[in-house]
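> Taken in sequence, the protein lines are chains G, E and R.
Position 492 of the first sequence, counting from 1, maps to 492 under this note's numbering, and the rest follow consecutively.
Position 198 of the second sequence, counting from 1, maps to 819 under this note's numbering, and the rest follow consecutively.
Position 63 of the third sequence, counting from 1, maps to 928 under this note's numbering, and the rest follow consecutively.
Hints in this document: simulated from the structure, not taken from any laboratory.
Zero decoy hints are in this set.
Which stretches of chain E does chain G cover? Using the computed rule of at least three CB atoms under 8 angstroms from a CB of chain G, they are:
| no. | segment |
| --- | --- |
| 1 | 654-661 |
| 2 | 834-842 |
Anything over 10 angstroms on all C-beta distances counts as not near chain G; from chain E, calculated:
| no. | residue |
| --- | --- |
| 3 | Lys632 |
| 4 | Val640 |
| 5 | Asn749 |
| 6 | Asn750 |
| 7 | Val753 |
| 8 | Glu773 |
| 9 | Glu781 |
| 10 | Gly825 |
| 11 | Asn826 |
| 12 | Thr847 |
| 13 | Leu849 |
| 14 | Ala851 |
| 15 | Asp853 |
| 16 | Gln861 |
Glycine is no exception: its CB is placed at the ideal position from the N, C-alpha and C atoms.
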Amino acid sequence: MTSTLEHVAHTEAPQGGGLARRQNIFTGFLGGVVFGWASWAIAHHVLDQSSRNFSDMVVLFLTFGWTVGFWLGIGALNGPGRWLIGRDHTRADDLYYAGENQGVKRYWKFCTDHKVVGVQYIVMTAVLLGAGGILAMAIRTELIVPGNHFVDQQVYNGFIAVHGMLMILALIVAVAGPWGNFVVPIMCGARDMAFPRLNALSLWTLVAAAGLLLTVLGVGSLTMGWVVLAPIADQAGIGMDFFAMAIIVFTVSTTVAGVNTICTVMTMRTKGMTLARLPIMVWSAIIAAALGLYAFPYFSLVEAQTLMDRVFNTSFFIASGGGTGWLQANLFWLMGHPEVYVILIPAVGALFEIASVMARKPVFSYRTAIAGMAGLAGLSMLVWAHHMFTTGWAPNLGGPFMLTTELISLPTGLFFLVIVGTLWRGNIWMKLPTVWLFGFIFNFIIAGVTGIYLSDIPIDNQLHGTMFVTAHFHYVFVGSVLFGAIAALCFWYPKVTGRYLDETMGRISFWLVFIGVQVTFGAMFISGMRGMPRRYSSYALLFEHTNFITTIGAYMIMAGMLVLLAAVVRCWSHGEASGPNPWQANSLEWLVPTPPPLENFDVLPVITEDPYNYGKELVRS
Amino acid sequence: MTDNKNKQSLKGMYWTWFVLTVIGVLISVWVPSYLMPKSMSDSMHLSILTIVIFSVAAAPVAAGVYAATLFALKHWVHKGEGVPEAAEPIRENNKVVAYWLIASTVLTVFLLIWGLGALAVDNGNTGNNPLVVNVTGQQWVWSFSYPGTSVESPTLVLPEGRTVVFHITSDDITHGFWIANMGVQVDANAGAITTLHVTPNALGNFNIRCTQFCGLNHAFMVTTGTVLSANDFNSWLQTQSQKA
Amino acid sequence: MSIDTHAEHDAHGGHDGGHHEPPEVVDGRQRMAIWLFIGGDIITTAALLFTYLYLRGVNTGGHWMSMLGYPGPQMAGGHTYAWYQNAASLADPTNVMVGKLAAGLNWTVTLLTVLSALIIWGAEKALRSSKNAKNYSMTCWVAVLVTVVAIVLSFKQLQSIPQIYVAVNDSQTMSYTTYDSSMMVIIGSAVVHLFLLAFLGVGLAIRSARGVINGDKWYQARLVRLFWVWVGVSAIVVSATTTFINVVH
Chain G
1 MTSTLEHVAH
11 TEAPQGGGLA
21 RRQNIFTGFL
31 GGVVFGWASW
41 AIAHHVLDQS
51 SRNFSDMVVL
61 FLTFGWTVGF
71 WLGIGALNGP
81 GRWLIGRDHT
91 RADDLYYAGE
101 NQGVKRYWKF
111 CTDHKVVGVQ
121 YIVMTAVLLG
131 AGGILAMAIR
141 TELIVPGNHF
151 VDQQVYNGFI
161 AVHGMLMILA
171 LIVAVAGPWG
181 NFVVPIMCGA
191 RDMAFPRLNA
201 LSLWTLVAAA
211 GLLLTVLGVG
221 SLTMGWVVLA
231 PIADQAGIGM
241 DFFAMAIIVF
251 TVSTTVAGVN
261 TICTVMTMRT
271 KGMTLARLPI
281 MVWSAIIAAA
291 LGLYAFPYFS
301 LVEAQTLMDR
311 VFNTSFFIAS
321 GGGTGWLQAN
331 LFWLMGHPEV
341 YVILIPAVGA
351 LFEIASVMAR
361 KPVFSYRTAI
371 AGMAGLAGLS
381 MLVWAHHMFT
391 TGWAPNLGGP
401 FMLTTELISL
411 PTGLFFLVIV
421 GTLWRGNIWM
431 KLPTVWLFGF
441 IFNFIIAGVT
451 GIYLSDIPID
461 NQLHGTMFVT
471 AHFHYVFVGS
481 VLFGAIAALC
491 FWYPKVTGRY
501 LDETMGRISF
511 WLVFIGVQVT
521 FGAMFISGMR
531 GMPRRYSSYA
541 LLFEHTNFIT
551 TIGAYMIMAG
561 MLVLLAAVVR
571 CWSHGEASGP
581 NPWQANSLEW
591 LVPTPPPLEN
601 FDVLPVITED
611 PYNYGKELVR
621 S
Chain E
622 MTDNKNKQSL
632 KGMYWTWFVL
642 TVIGVLISVW
652 VPSYLMPKSM
662 SDSMHLSILT
672 IVIFSVAAAP
682 VAAGVYAATL
692 FALKHWVHKG
702 EGVPEAAEPI
712 RENNKVVAYW
722 LIASTVLTVF
732 LLIWGLGALA
742 VDNGNTGNNP
752 LVVNVTGQQW
762 VWSFSYPGTS
772 VESPTLVLPE
782 GRTVVFHITS
792 DDITHGFWIA
802 NMGVQVDANA
812 GAITTLHVTP
822 NALGNFNIRC
832 TQFCGLNHAF
842 MVTTGTVLSA
852 NDFNSWLQTQ
862 SQKA
Chain R
866 MSIDTHAEHD
876 AHGGHDGGHH
886 EPPEVVDGRQ
896 RMAIWLFIGG
906 DIITTAALLF
916 TYLYLRGVNT
926 GGHWMSMLGY
936 PGPQMAGGHT
946 YAWYQNAASL
956 ADPTNVMVGK
966 LAAGLNWTVT
976 LLTVLSALII
986 WGAEKALRSS
996 KNAKNYSMTC
1006 WVAVLVTVVA
1016 IVLSFKQLQS
1026 IPQIYVAVND
1036 SQTMSYTTYD
1046 SSMMVIIGSA
1056 VVHLFLLAFL
1066 GVGLAIRSAR
1076 GVINGDKWYQ
1086 ARLVRLFWVW
1096 VGVSAIVVSA
1106 TTTFINVVH
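Please work from the sequences and hints to get the whole structure.
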């Protein structure tokens, strides 16, 4: 990566004009394809073609070339290049990169305006959810009846891995991406993120990673599930190399985004915006960012090791050379469990915010809410081995990890207390965000209770590796996080577009998805309890009915999501106008015009109290 | 309006809570043993019992949240057009937070103690005359051998009432050895031996399925087993030895 | 949220409502970012050491430093891959032991890394006291040179990791034991860091030569130094671990 940073300095026009001003997503793709192809060609020249690992090595070259070429083409490396040669951006350059006076064109560019990045994240989330959702439909269609042959078995196995990883990426960015970028800086009273160029870098790096991940579908043959199980990953085809590189590139994106979020909140708050006056959403954003910083290094390391086992013949996970799959499991879950809360915490933070605004009441026990999120983040670092209860690794540690895992129910319990406490005796305004909030409460209880079963080793010994686990974490990710993300979308959509999301279409979507989730994953719980393992491409007659029901439910979810998508697209230009502050909320993002101007504030506001005093005369700037 | 709310009776919520708790407890007691595979060992029995106990313990909490939410939907939703007026702010209520924390701590400690106790029972000693069975997974079959004899079998035959110790390994990649009727599972790893022990306590057939994704035919890496009486088992072992 | 618009609102300095921030404020923010990146890097280093120590601990099949096969090309008296492929009558594979990597070379790279960090640190101190940007630029080039030597030696070290020729399931390949694998990922990570340092060093040298960094504007020199010193510290920690804890007894 570093060597190419040096490279760019000599090839790219350093002045803000000329070449650098023509860069956009198309030159990005062009750069990626050209560099990827060039690396592919170079690999064929310099490598030993008789080597067993030749094709894996070629993919390593190709993916590296794609990523660097994409960065070059989109203009992500202009900043580092100009730093290197001592010709820093002028204010005019910065404004150009922030997309000043560039209209809709700026959405197709390496644009540093946090609001543009936020919108780009909305689109990326939709793309990832859409691709993952199509795979989910293929998986469920294959499973609609036993012995179905809708897709080839090998292809099916690949779908399982890619569906999982796409959805994980989608949900990691679903709240923190759009709203962590669009609203969090305004909530703090900042003109932009702390490092606008890093902000754009994180978004376009995600695009590069998504490109690699979607390529996997074209080259196929994955055999290791989304957790990149080893040593079976060693058997997979070259799709595995794309997969691992996609993850490594993705961790660059999240690390950069995490640092940026924390620095923004810690150093860019406007005068009077003390930590105790921050909207709770901002707290959730920095707690999740900090947790991501802790977790994702494990992710890139474990994927690097998987790649090295395949490309360089190392033996990290291969028993004949002294390795063990338990190392992969440890490193993966050291990342994997904190990552669940990197996903969950921003969604919960957004729901706290929504509950307060919609019930016209302050967040109940603000300190408890923060303590719950921080406690959850802290505990999550100590629970990873509960994913390994049945792997045979360190059976003596079962007790301690059971203890830490069950302690998780304390901070998650506090979330319910805060949300119910906030709604308590409120004047609840039943708009779209509120509807999804109630859906979240219903689903998150089910997710939590079934989580308690799995934390207990005697139960886990029976249910681990079954559809019960799949249903449990889908209640977490779909039932809870996705509901939170959609609530956040409905809530802040008017701020982005100046228009409401259509109430009728939104409610149709809600009922389809809500009922769909109960049907799909309710039936899946039953499949699991009756003994159907996960990741099955076919199953015994015993599981026939519940799988059929699950598939029907999944179609309902898809229908609901399509209605939502239609509403989002349609209302962007045709929705009912909302004005700058449709929910009569007090946090800063609602007090700036809609859409917020470049740099958000003419004059930075001075804050004298937190945003939860409803009904008082507001002093506007 | 705010005044009315503060005087408002919460009776309805308590009743809802009570009814939902009763429903939850009934479901908890009935559903697991109905849905889960036939229990053929103490471990399986313990798994099912623990699910029941945990569900019963969780029922009042879940019912409490649902009852409060339903009550809110019924009584506190703003009716009419326009922005609702501000509600009376409740910023802190240390008592409620403290009660909630105490209650959830007590529940968690109960779950922990029960869980650790159950784990200890599950891990209990293997008796003085355990039967050792070697289990080997490979893509995509299981094979079982009985040390001290020449018997190798693609299906698992076990005696009733005698503790069986499994020594499990894999010839290639990681598999998951799970006896679906006995509540025990552990991974089969290449280059390592994992152990498991269980005491079958009912005669009949059971299912073995792979729970760790193992490639193309993962879904078909299944086999069956039988629990025989001690005498039948011994004669089975003898016949098999002669065959081999 | 109540906003007192009549209060003094040029809180962040400047008369344009805070569009321009003073360099100290920007520097504080950037230092926080550097510390956060270092924090992430500490996790990476910890994970590398975890990998190393864990694999040594499990020592699957006693293969931490040995493997069933034939001596690889880098072993004393070993042969090339092709030699083994062509040899028709190979003896049965035996447990081939590999030795520890040369601690001397390892420590040479480590000390060079530390040396470059000290040079950068000293240069920064001199810049801040004597305000001589030209000297600073020259010293940065020296640090870069030291880093480049460390990179070259690291590649030499990577090349010297012994491979073993194994034949598994009819496929023949060169392979590394877990000790060698761990060393490879550790040295590889060091190389990535060294490349990054070289880039940053070149940047400092050019920028100070152009006067963007000078005796009054030295903040970026400190930012880079913070990261550089951390890389030096991590090199010592990792080398100490791999030098003193390696053989399984």
